Structure formats: structure tokens, C-alpha cells
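Novice: Residue-level listing of the chains:
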Amino acid sequence: MAQYMFSAYSVEGAARPEMSEEEMQQGWQKIMVLEEEMKSAGALVFSGRLTEPDTATVVAMADSDVITTDGPFAESKEHLGGFYIIEAADLDAALVWASKTTAAVGAPIEVRPFWEMPDA
Amino acid sequence: MATMIRVFGDIDVAEDAVQDAFAVALRKWPNDGLPPNPGGWIMTTARRCAIDRLRRETRGRDLLDEVAVLSSATEESGILEMVAHMQDDRLRLIFTCCNPALSTEAQVALTLRLLGGLTTDEVARAFLVAEPTMSQRLARAKRKIKAARIPYRVPEDDELPGRLRPVLAVVYLVYNAGLNDSGGQDLCAEAIRLARILVSLMPDEPEVAGLLALLLLTESRRLSRTAADGSLVLLGEQDRTRWDRALIEEGRAIVRACIRRNQPGSYQLQAAISAVHADAPSAEETDWIQVVALYDLLLAISPTPVVAMNRAIAIGEVRGPGVALALVDGLALDNYYSFHATRADLLARLGRKREADAAYERAADLAPTDAERDFLKLGGRTRRRSPD
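These protein sequences, in sequence, are chains Y and F.
Mapping to the numbering used here: the first sequence position 93 is 96, numbers consecutive.
Mapping to the numbering used here: the second sequence position 175 is 1603, numbers consecutive.
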């Protein structure tokens, strides 16, 4: 089995359809149903939804000093909104889960494999 | 190659192994003579070469354990069984090479390299790119297959229709690579073999049958495409008695069945056009009106500049070169040698010799094969029409 990261990207400033409270609840339901399906299949390793990009802090080295910056790392408009770590036998299987995820989440999903640890 | 990939589960290892085996063959066979089953010999040798290589590389230790299990099993069942598996392996390999997670460019390059056995340089020339570019493209695709674990299998029934289009496109490209290479009859045969397997796998898919028909009809003329001196012979001048009537009959039968099904598609239409040519006992008796009608349908389904160009050529046969040239001039095909060759021929027929010569020069510069280039440098089709 291999592990894949599903990254859901949100685009700043993209037109988001106005959703009623009820529609938002339905959206959450879809995601929860999918996550249950993933758990029963033994595919879900971990998942999480991140708070807005402007709540981020970047910590980096500049020579031998640690510099702390307010805001997200990427200058771009696209930011990581949330992620899933999925276990699947191969890419085809991972992409089946990814198709369901993008349908439920409503954002593009990038599927990237994790490095295989030699003695895993 | 496909079987080696199945056995080793790693494309690079398989490639190195096959190359090593051929190197050994080149050393041994001239002295020892050809073994009774050269294909089987290559496979056994390739397996031994790969095992030797893996022993020398520590990362190969785990892989080696798997291979040891496999090789003792196959050693007993023998080479013949391995040969029987090769067909399935080729199918698995082509669906793997054509996985939608890979770009179209990568799909085609991989299939030509791994199934067609072309060198990286030959694949590069087939796509008019530089060799290092193609080398990188192949390396990247292989890395992705490995790292992302693109599986080595034939898709399930419900996935098949969607996974088919890239496979058909690639088989067609493999056939064409063989057509353009003077020693390429093996590639042509391989493409036809793959097409037959696909038809038996998917008998209800009309475009699969259409592709096979197109390949058979094109193959029926392959030998008459080149003259004894290696120069190119155009369709209008080919010795039709040299056309393979058995292949034509088979192709036409498939086209008739496709027409009855009435689910037209791009390959079926191209096959039908080819069949109209095959029906004409001489070039002059070609039913060009029928050809134009079929191109009209094809352009509607597949509105590409190349289809538009070929349609224009057919229209030229019915309504004269002036009409055809007007259509062709509007197309954005400046990098395509055939575009310039077509313009050249039409210009020459209209008596615009200077422009025709310039167009032939341009076509010759862009020509992908020596035979084409020589043909164009000598003034192409027009010279043949009116030698002076």
C-alpha cells in the first residue's frame, strides 16, 4: 500500500456561490459521508481543514537568525485549504478517492505520493 | 520488453536487462550461430543480466527476493509459457503507458519506446523535438509511473471506454512511425497486432474496429509506396496491382460493418476514405466526390487543420487547384512539411512555378525522412506529372 496526499486548494478572490445555512450543512454532510466511507475502507490515514491563509505564520532561517513573518508562505492567490492522507494500492485507486473528494469538497485536489520509507 | 517489465516491476531494470541481453547476443551469435529460439534466449539472458545487475546494487536486494521466486517458477514452466503471456503483457503495458495520469506526449513517447522498441532518438525525430527533450520526457514519465505507483494492468470493464481513446491514438502513431521508417515493417505489424487484440478485447467499440480497418487498408499499399530506389511514390501513381487484395478485402469488410452500425467516428471515416481509394482500379477512376463527402463528415467530427488540408486536396480533384489553394492557404500549418508540399503542387498546377519551387524548398527542409526530402527536392509530385 502507498500513501498519497490530497491537497485541496482554495483560490483567493474566486467567486464563491452564495450558500444558505442549509446548503452549507448539506456540504458538510457530503464530506462526512465520504470520510466515513474512507474510514471503513481503511483508506483514511488523517485529514484536516486549515484556517484562513492570513492566520498563518512563516518561520525561516536568514543566515543564523530565525525570522518570523506574518502571513502565508506563498505569495500566490492559491492556498492550501485542507488535506487528506490516503492509503491506496496504486494511483488508479487513489484517483477514484480523489474524484469523490473533489466532488464533495468542491475544490481541485492535487494528488501526490509520499516517499516510500525503505523499511516501512 | 513487456514481459520483462511484468517480471521485474520496474521499467528501468527491464530496459537495462534487455539491452544487456542484446549486447551478449551480438557477441555470441556470430560465433555460436543463432539459437533455435532467439526470442526465448533473449528473455532468459535478460533475466540473468538483470539479476546480476541487481546483485551489484544494494537497493535491488528486495526486488531480487521477488524475482527469485518468480524465476524459479518460470524456469520450470519453460520459455513457451512465458511467450504465451507476452500478448497479455503487451496489452497491460500499452494501457499503463496510456494511463490518463500521464500527459498525451508522455503516453505516446512511452509506447513507442517500450512497445515499439524505438530508440529515444528515433522517438524524438518522430515528434520533431530534440533528443534531450525526449529523453527528459521519458525519464519524467517513468519516474512518475514508479513514484505515484501507476499500476501495470488492463483497466476494468467499466473503465475501458474512457481509457481507450489514448490507446487508439498511440497505436495509430506506432503504425505511422513504422510506415515512415524504411526498416519499419515490424512496427507496422506490431501496431496491427495490437489493433487486433484491442478488437477482440472490445468487439462492441466501433472506433477500435475503425482503427484496425484503417491500418489494414494503409498496410495493403505499403509496399507500393516506395520505388525500387527507395523514393516515394504517391497514391495517384502507385502500381495498384501490387496492392494486397486480401488486406483490402478484410479492411473493406470491417468498413461495411461499421457503416451498418452507424456510429461514425474519426477512425471509421478515415478507413472509409481509404476504402474508396482501394475500390478504384486506377487513380483516374477514384470517386473523389465520395471522398469529399466523407471528408465533410470527418471535418465535422474532427475539425483539425490537417483534416481540413486533406479535404482541400480532395476538393482540388473535383473543383480544381485554385479552389483547393484558397482553402489550404487559410490553414496554420507552417511547421508541417506536407502543408508546403501540398501548396507547392497546387501552385505548380496553377502555373505559378517560382512560388511552387519555394514551397518545395520549404517542404524539403521540414521533411522528416530522407525519402520524403529527396522526393521533395526533386520537385515532388509535379515533376512526376510532367517530366521535362
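Simulated from the structure, these hints should not be mistaken for lab results.
Since this is a predicted model, take the numbers as computed values, not measurements.
One or more hints might be untrue.
Pair ranges (Cβ atoms, derived) [said to hold, decoys possible]: (1) Asp-1632(F) <-> Asp-93(Y): 50 to 56 Å; (2) Met-4(Y) <-> Pro-1458(F): 45 to 51 Å; (3) Lys-1574(F) <-> Glu-81(Y): 54 to 60 Å; (4) Lys-1574(F) <-> Val-61(Y): 28 to 34 Å; (5) Asp-93(Y) <-> Arg-1568(F): 41 to 47 Å; (6) Gly-1590(F) <-> Met-4(Y): 47 to 53 Å; (7) Phe-1450(F) <-> Ala-77(Y): 31 to 37 Å; (8) Gly-51(Y) <-> Asn-1763(F): 30 to 36 Å; (9) Asp-1614(F) <-> Val-61(Y): 56 to 62 Å; (10) Pro-1733(F) <-> Ser-102(Y): 45 to 51 Å.
In this text, a Cβ means the ideal position worked out from N, Cα and C, and glycines have one as well.
Novice: So which of the earlier hints does this model not fit?
Specialist: Those not satisfied are hints 1, 3, 5, 6, 7, 8, 10.
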